[in-house]
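Start from chain B and add chain G according to the hints.
In order, the protein sequences belong to chains B and G. Sequential numbering of the first sequence, starting at 571, is according to my numbering. Sequential numbering of the second sequence, starting at 571, is according to my numbering.
In short, the hints are calculated from the structure, not lab data. Since no wrong hints were added, every one of them can be taken at face value.
Since copy identity is lost for identical chains, a pair holds within one copy or between any two.
List time: in silico DSBU-like cross-link candidates among lysine-lysine, alpha-carbon distance up to 30 Å:
| hint | residue 1 | residue 2 |
| --- | --- | --- |
| 1 | 624 | 773 |
| 2 | 708 | 622 |
| 3 | 703 | 624 |
| 4 | 773 | 708 |
| 5 | 620 | 703 |
Protein chains: 2
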Amino acid sequence: MADPSTSLPLTRASVAEARKLIEPFIHRTPVISSSSLSELASLPASGEGKAKPKLRLWFKCENFQKVGAFKARGAFHAIERLKKEPGWLEGGGRERGVVTHSSGNHAQALSLAARTNNIPAYIVMPTISAPPKIAATKGYGANVIFSGSTSTEREAVTAKVIEDTGARLVPPYDHPDIVLGQGTVGLEFQEQVELLIAEEAEKSGKPTTKKGLDAIITPCGGGGMLSGVALACEGTGIRVFGSEPSFQGGDDGKRGFESGSRITSVKTLTIADGLRTPVGAVPWSVIYERRLVSGLYAVTEEQIKSAMKLAYERLKVVIEPSSAVPLAVVLYDEGFRALVEREAGEEGWDVGVVFSGGNVELDKLGALFGGV
Amino acid sequence: MADPSTSLPLTRASVAEARKLIEPFIHRTPVISSSSLSELASLPASGEGKAKPKLRLWFKCENFQKVGAFKARGAFHAIERLKKEPGWLEGGGRERGVVTHSSGNHAQALSLAARTNNIPAYIVMPTISAPPKIAATKGYGANVIFSGSTSTEREAVTAKVIEDTGARLVPPYDHPDIVLGQGTVGLEFQEQVELLIAEEAEKSGKPTTKKGLDAIITPCGGGGMLSGVALACEGTGIRVFGSEPSFQGGDDGKRGFESGSRITSVKTLTIADGLRTPVGAVPWSVIYERRLVSGLYAVTEEQIKSAMKLAYERLKVVIEPSSAVPLAVVLYDEGFRALVEREAGEEGWDVGVVFSGGNVELDKLGALFGGV
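One chain only, chain B, in its complex shape (with noise of 0.2 Å):
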């Protein structure tokens, strides 16, 4: 990774730089939108004095980014940072390539990233992860190494291979350039939600006073995509909420940002699989510190399960659970609901639901939904 003190700062134009370095490596992702889901979304739920918001919804499909994840954009990101770093590509620093540790998307993200660039990736994994993970993260080219399933062991494996090797280590989520690579997600999720809307009112025929989103929510793990979010609307009008499960504490953001300080340890085995991290410091410092977010919500298991079936049967698209969970918070949560209701009044809002990402297997979507 490229020392934290070389990254450009936490600015939304900065993101604009992120994006311009890693544009031709990954793909503009389509948005997509459902008429059925928007109003069903706008009617209350169930039960008296429910909210009535009125909601537009917005997709941002990172499930067709490459390797299947908004990932890409960080890892990307991180090695143009590193390709930058004096000395590191002349100074043999390419050669002895990358580390990190995951046994999810950030893993393969790292590894696509690197093989792009003909640089060695090192990829810790706990000897416990699912097969296809393993496969796939190797199919990238990257050499895999087994640890244990603590954070300890995985930490001092990753030491080892950073002694052995003198690979530079890639963090999934904190550190700036993760953060600005995650971040260009929103810029292009706002400009294609003007474009759609232009287009549409000039389908129609009927003038519109809206110009695009209102608002967007995206799910937290370790903060990198909703701090990077946060970045790019920075000064633009529009709201950015986070959202996580509420399983087994797995709301350690949502709980840090009511109490005023980061909450560091998380240990849940929500089916969202991605968001059972805690909150890392730099992405705090944008989430929290900076007062760029304007809320975090969280959703339980059932919510979750429930928001995901409606994506794929009314937008024909494969997600995984942790994608599922800023659409649960839109359709369920009544918090949030009700801010909506209140201050986005008569007019609604236009609500941009990032999907991020879309790595789940068919027999384990069996096993999630073969009994409901």
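Same frame as chain B, but now just chain G:
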């Protein structure tokens, strides 16, 4: 239904006419590609002496079409043609509505097309139809009338509805207006791939001799889509292939094609439930009699499931089992693969695969894949 004698002739030009009529009402669905699936398709299947065709795959996502299936095209076209029939609009035909018997995607497609035009729709469904399908059809504002599940029972109830209401029958596939409507998918597909290939060549800076698709493969149930796409490709040099499930004789189209006479009855419970019907007479007149189709291929239930799994896991799109049938042929049918190897040679073929629809419930998927 419009009297077939008032339909346009079965030609490519008529498909283009149909397209003009339905364009305001349907989605121009996206075409996607996947280098990993194209690579996989270009590897020989395991075993000695297997074919090694060079394939580049393109997928036309009619699962993102209105009502989640290509059937919207034929239904909207049928209504547009009725509107052009002298006296139908003014003479009260519109008020008497339209009727069909279907428990599948055509039911929802006709319901939507009727509602859009403010026309009553009567849908005859077997009482044993899946409750979500009944609910979806009612959701589009149709009047659902129940019948027994044999074709005799369904037809009797339909005849009664026609007698009582004066509604016009819109069959699911066996009519020129339906065939021409479904064919529009072929015209769009050709144009979209030409554009994508040109864009890719420009982006990579590598000039290409390739201009567009070499072949299109579609599912074949009643044959509306296959015959329509065949018409759309007439005179273009693009070869058109059909694909079917082999389970319990579901490959009636293939058997008829090879024996020279249409098979008019089939009884299979293949998981590809959209393809359980025999090929209709009108589609047959295109597929076999005019020799616009180069061949039909059939795959097993396991091959369909494997292809479906790949579509979900690699492409992140939700498709119904019927939609996975052409992909299964491309990946697993040695006859098709040997043909491509032989005819396409070193340069390979750009093959267009039509994903016909995405209407599958998540719990059914669970049941299909829970035990994989």
